[in-house]
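**Student:** Each chain, written out:
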Amino acid sequence: MFFHISMEKNMQLHPRHFGPHLRDKLVAKLMKDVEGTCSGRHGFVVAITGVDDIGKGLIREGTGFVTFPVRYQCVVFRPFKGEILEAVVTMVNKMGFFAEAGPVQIFVSNHLIPDDMEFQTGDVPNYTTSDRSVRIQKDSEVRLKIIGTRVDATEIFCIGTIKDDFLGVINDPGAAA
Amino acid sequence: MSGEEEENAAELKIGDEFLKAKCLMNCEVALILDRRYEQLQQMSDDPTNQISQVFEKSMQYVKRFSRYKNPDAVRQVREILSRNRLAEFELCVLGNLCPETVEEAIAMVPSIKSKGRALEEDAIEKMLHDLSLIKKFE
Numbered sequence: 001m002f003f004h005i006s007m008e009k010n011m012q013l014h015p016r017h018f019g020p021h022l023r024d025k026l027v028a029k030l031m032k033d034v035e036g037t038c039s040g041r042h043g044f045v046v047a048i049t050g051v052d053d054i055g056k057g058l059i060r061e062g063t064g065f066v067t068f069p070v071r072y073q074c075v076v077f078r079p080f081k082g083e084i085l086e087a088v089v090t091m092v093n094k095m096g097f098f099a100e101a102g103p104v105q106i107f108v109s110n111h112l113i114p115d116d117m118e119f120q121t122g123d124v125p126n127y128t129t130s131d132r133s134v135r136i137q138k139d140s141e142v143r144l145k146i147i148g149t150r151v152d153a154t155e156i157f158c159i160g161t162i163k164d165d166f167l168g169v170i171n172d173p174g175a176a177a
Numbered sequence: 178m179s180g181e182e183e184e185n186a187a188e189l190k191i192g193d194e195f196l197k198a199k200c201l202m203n204c205e206v207a208l209i210l211d212r213r214y215e216q217l218q219q220m221s222d223d224p225t226n227q228i229s230q231v232f233e234k235s236m237q238y239v240k241r242f243s244r245y246k247n248p249d250a251v252r253q254v255r256e257i258l259s260r261n262r263l264a265e266f267e268l269c270v271l272g273n274l275c276p277e278t279v280e281e282a283i284a285m286v287p288s289i290k291s292k293g294r295a296l297e298e299d300a301i302e303k304m305l306h307d308l309s310l311i312k313k314f315e
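Top line first, the protein sequences correspond to chains A and B.
Throughout the first sequence, residue numbering follows our numbering, covering 1 to 177 in sequence.
Throughout the second sequence, residue numbering follows our numbering, covering 178 to 315 in sequence.
Watch out, some of these pointers could steer you wrong.
Capping the alpha-carbon separation at 25 Å, the derived lysine-lysine pairs in DSS-like fashion look like this [unchecked claim]:
no.	chain 1	residue 1	chain 2	residue 2
1	A	Lys81	B	Lys246
2	A	Lys25	A	Lys56
3	B	Lys246	B	Lys313
4	A	Lys32	B	Lys246
5	A	Lys25	A	Lys81
6	A	Lys138	B	Lys197
7	B	Lys240	A	Lys9
Distance ranges between label pairs, derived from CB positions [what the hints assert, rightly or not]:
no.	chain 1	residue 1	chain 2	residue 2	range
8	B	Asp307	A	Pro114	29 to 35 Å
9	B	Arg241	A	Asn93	21 to 27 Å
10	B	Arg212	A	Asp164	19 to 25 Å
11	A	Thr37	B	Arg262	43 to 49 Å
To be clear, the hints were calculated from the coordinates, so they are not data collected in a lab.
Ideal Cβ positions, reconstructed from N, Cα and C, are used throughout, including at glycine.
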């Protein structure tokens with residue numbers, strides 16, 4: 001789920017940037033440093049939408065750098081265990097399939113795919129029901145439930161399931177072809 | 178982290194910080210990112226080296242899964258959903274997934290039925306109906 005939250009960060013700025021455009025420099029540096037990062041607590045920082053407050057700077061002894069506490073608003077993407085969301089299938093193999101929901105990768109193991117869906121090898125590996133009415137392949141859109149998350153230093157990785165009511169394929173690119 | 182263990186969106190256990198935070202539906206994120214993308218393009222001649230992968234992937238994702246495209250419809254959706262005293266998180270799951278039946282809505286957001294909430298099935302049905310009308314007339 002995407003959230004709009006307020007966060008704080010201490011920014012260090014080199015004295016050469018001091019002048020009438022100090023604020024602009026600080027905001028530009030903030031965007032460069034923070035956007036695209038990921039933490040286990042807040043998830044992926046997608047975009048900064050505004051800077052609320054820049055506190056008083058504090059000169060660091062010895063270096064001349066100044067530290068400013070900056071409070072800003074941003075859009076983050078944070079997956080939660082138990083959350084249901086839609087995702088795009090990116091890769092299918094006999095172990096299961098990978099899907100992407102925005103910046104986050106989700107793996108659905110073949111144990112968590114309904115039992116009546118069988119893996120089919122070929123040019124386009126896929127999972128298909130025995131009556132061939134439902135198929136999961138690359139670029140399919142699926143609705144899945146997150147059942148576990150693993151947090152890395154720079155990434156969040158999820159395990160999902162489609163073995164539940166109202167979960168599964170919502171759009172099949174192969175059906176139209 | 179002991180808090181991590183108890184996390185469960187189905188029971189609305191998503192941590193205080195996120196529970197109080199403002200959730201965004203995919204269509205709302207699409208509007209925000211669109212505006213931001215324009216800003217970035219104006220700021221530099223070559224926007225590609227400014228845009229993070231996270232931004233790009235998020236933008237593709239929300240565009241693909243936005244149920245409502247125009248800003249007025251998005252505003253109406255939020256208004257209808259917020260009449261029903263839903264938590265922010267529940268509101269956004271419903272807005273994103275657009276369930277068609279009451280049963281489906283409860284499967285998507287189990288917390289709306291738990292802990293003796295006053296939300297009747299009739300109310301849920303009316304809410305889903307109103308949402309489908311917006312979609313139809315958009």
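**Student:** Hints the structure violates: just list their numbers, smallest first.
**Tutor:** Hints 1, 4, 5, 6, 7, 10 and 11 not satisfied by this model.
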